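The letter at position 162 of the sequence shown is residue 162 when you use UniProt numbering, and the numbering goes up by one with no holes.
Calculated from the structure, these hints are not laboratory results. Mixed in with the good hints, there may be bad ones.
[Said to hold, decoys possible] No farther apart than 27 Å at their CA atoms in a straight line, the calculated lysine-lysine pairs in the DSSO-like style are these:
hint	residue 1	residue 2
1	K229	K103
2	K103	K180
3	K103	K134
4	K105	K134
What you are looking at is a predicted structure, and each value in this text was computed from that prediction instead of being measured.
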Amino acid sequence: MREPLWVVDLGRIRYGEALDLQRRLVATKIAQRETPDVLFVLEHPPVITLGRNAREENIVTPRETLEAMGFDIFHVERGGDVTYHGPGQLVGYPILDLHRVPKPKDVGWFVWAMQEAVIRALARYGITGERIEKVIGVWVRGRELPPLDDSFDEATRAALAAAVTQFSDRKIAAIGARIKEWVSYHGFALNVNTDLRHFDLIVPCGLRDRGVTSMQAELGREIPMGEIKPVVARTFAEVMEREIEWHTLDDVVPFLASEPIHG
């Protein structure tokens, strides 16, 4: 019988709150390895995060402007450069003991596994997600714009068209993890119905020669978040060779340390 993977849907939650939950659960898992492995699935209000390798110049919009627009800004311990999270983007934070995954204590495999989970989920919608050597994430290639349904206004149509036709390589999912004593946190972010115009405020992941896209842009229609969350949870569990158990945040609270881990 496969080990369980707890999946907890946090809905839409501010970045700082989700970060605190992760750090406190990681602190417990380091001290008590039998603590359940958890995948948080969620959305964030608009936020820009800078990873350990981030360069300030990749935020091309003045901070005062971003703050006036309601964006939070965080420097965090994950790998990678600058990225954006916001409504319509499915974020997954796996808090796992990497001793207990199919390839234990192999960070490269863990990154591959997160990519694979997203690629399998996209395939269920007819989207071909790909890896690009030396560039972490999941990518869509080609310049063909699908027909858009009638729910899109002209500004959104123009933004989607620009996103798809300007670059032949477009990132549909970002990946940036942190491993602390072989416990993972941070994770992946899949653009589902994301407002792609917000990526113009930064140089996403520090890559100037590649674009971004979303499932909405590639399919020409909106994907309900309540539909895609269980799909991604299932593909993640498949790759990790686990059985899903859906839980609530209340189930996780007893496992949260009083003090978060740092770094």
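Going through the hints against the structure:
no.: 1; hint: K229 with K103; verdict: holds, 25 Å
no.: 2; hint: K103 with K180; verdict: holds, 17 Å
no.: 3; hint: K103 with K134; verdict: holds, 21 Å
no.: 4; hint: K105 with K134; verdict: holds, 21 Å
Violation of the numbered hints given earlier is absent; every hint is satisfied by the structure.
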